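Undergrad: Spelled out from the first residue to the last, the chains are:
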Amino acid sequence: MSSKEKGWREISIAGVSPKSSVGFMTGDWKTYMPIRDLEKCTKCVMCVLYCPEGAIRWRPDLGKIEFDYNFCKGCGICANECPTKAITMKLPEPTEGE
Amino acid sequence: MEEQKVTTQEWKFTAKDIALKPEGFLPGHRACAGCGPANVLRMVMKATRGPTIVTEATGCMEVVSSIYPYTSWSYPWLHTAFETAAANASGIEAALKVLTKKGKVKQEHIDIIAFAGDGGTYDIGLQALSGAVERGHDFLFILYDNEGYMNTGIQRSGGTPLGAATTTTPAGSVMPGKMQNKKPITDIMVAHDLEYVATATPYYWKDMLQKVRKGLEVEGPAFLHIFAPCPRGWRSEPAKTMEYTKLAVESCVFPVYEVVKGKYELSTPSKLIQLAPQKKIPITEYLKGQGRYRHLFTPQHQHVVDTLQRLTDERWAKLQKKVEQTA
Ligand SMILES: Cc1ncc(C[n+]2csc(CCOP(=O)(O)OP(=O)(O)O)c2C)c(N)n1
Ligand code: SF4
Ligand code: SF4
Ligand code: SF4
Ligand SMILES: [Mg+2]
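Chains as they are written, first to last, in my numbering: chain A, 1 to 98; chain B, 1001 to 1327.
Do not rely on the hints blindly, as some may be mistaken.
As the list claims (entries may be wrong) - Listed next, the in silico EDC-like pairs over lysine to aspartate or glutamate satisfying Cα-Cα at most 16 Å (straight line):
id, chain 1, residue 1, chain 2, residue 2
1, A, Lys-43, B, Glu-1237
2, A, Lys-85, A, Asp-37
3, A, Lys-30, B, Glu-1237
These are computed hints drawn from the structure, not numbers from a lab. This structure is a prediction, so every number in the text was calculated from the model and none was measured.
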């Protein structure tokens, strides 16, 4: 905790979690990454619905689905359920220095 | 906490509409990868119809969504003890009534959802649930059934099926996993004469969301039993979580149905199996790949598989009979 945050005397009496968990990125839990083949994707959004994390979003403005790797835990459900097998689980390329 | 977005207009349950509905159960929760209950909660919250207060018993989903200082809820949410989800919902409902009378609540109506696991429903939460339902409080109780006390390290519950290995029913040379069969919780709830009782699995997401909405629309208590695999406790592949919720329906291990004012009706996925019984798959198709049943695939324990198949068939036959009798 940074010093700017309230201490226990200032916070409310009942236990209140003051921050949204969207500030806690779980994406680094994953080993495999879902990679989607744009050609095969029919935009049926089944992967969006079946993801336990809400880490795949349907973007009508862009006309495609988008992975949020900040939250994807790499479970592979989306790849398993995609009707056109457009998603494959891949080991990410090691970045420089790794 | 995020400002709660209230939509009172009728929600069309098309895949893309649901995909676009703002999340009630937000990313950043700490459930294991491939967690069935996490998907269930996330999807259930997309079937809300307006202002909603959620209360949740201790268990995995409470823990993973409220680790200080974070919350995964964009709706007002109250944690309660392991045994008191329904009692808490009763209290919320009573408090809202009083506050409305005093003019302190501006909303015309506020829905109440109580979530509990199988431990918090079949076992320790049952008397609170029974009492709340008998008193007729207006709330929707959602049981997410991962068939064990997962949060505390995979102990058996009244919802754990026969033959499943848990840490308190280990499979070994003496015991073949749990010795007793799953408690028929849905029938127990039907016996309370509720207006709405149903079962659902997240594979059939549309069916599940419609049932959530129906449960909310009922005036008075409603009960929804949702099947939710736990890859950690089931020793199953995280990627197969949704697949198991389909196989459970196809094997009739977990048929999906509704009981509206005492009248039983099979929902489409189970209805299709009734109409074409050759589509019913053997339970081994469902059991295989789940580590908690691994020991059953040995000659020594073949009889447990046979018993499980017989019990599954008997419950399926009984369910169809109830559909017939209450038609
Ligand atoms: C009275 C009481 N006894 C025991 C516990 C410890 N405990 C916390 S969660 C839990 C099991 C929860 O099981 P379930 O309701 O099935 O939820 P799951 O963790 O599987 O999601 C137990 C035994 C407790 N919190 N309160
Ligand atoms: S499930 Fe497959 S086809 Fe459907 S939107 Fe996702 S990636 Fe595309
Ligand atoms: S791998 Fe799992 S967590 Fe990641 S996007 Fe697919 S379903 Fe979601
Ligand atoms: S132990 Fe099971 S129910 Fe609990 S968070 Fe992990 S996968 Fe989900
Ligand atoms: Mg449980």
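Undergrad: Now tell me if each hint is right for this structure.
TA: How the hints compare with the structure:
no.	hint	verdict
1	A:Lys-43 with B:Glu-1237	26 Å, violated
2	A:Lys-85 with A:Asp-37	9 Å, holds
3	A:Lys-30 with B:Glu-1237	14 Å, holds
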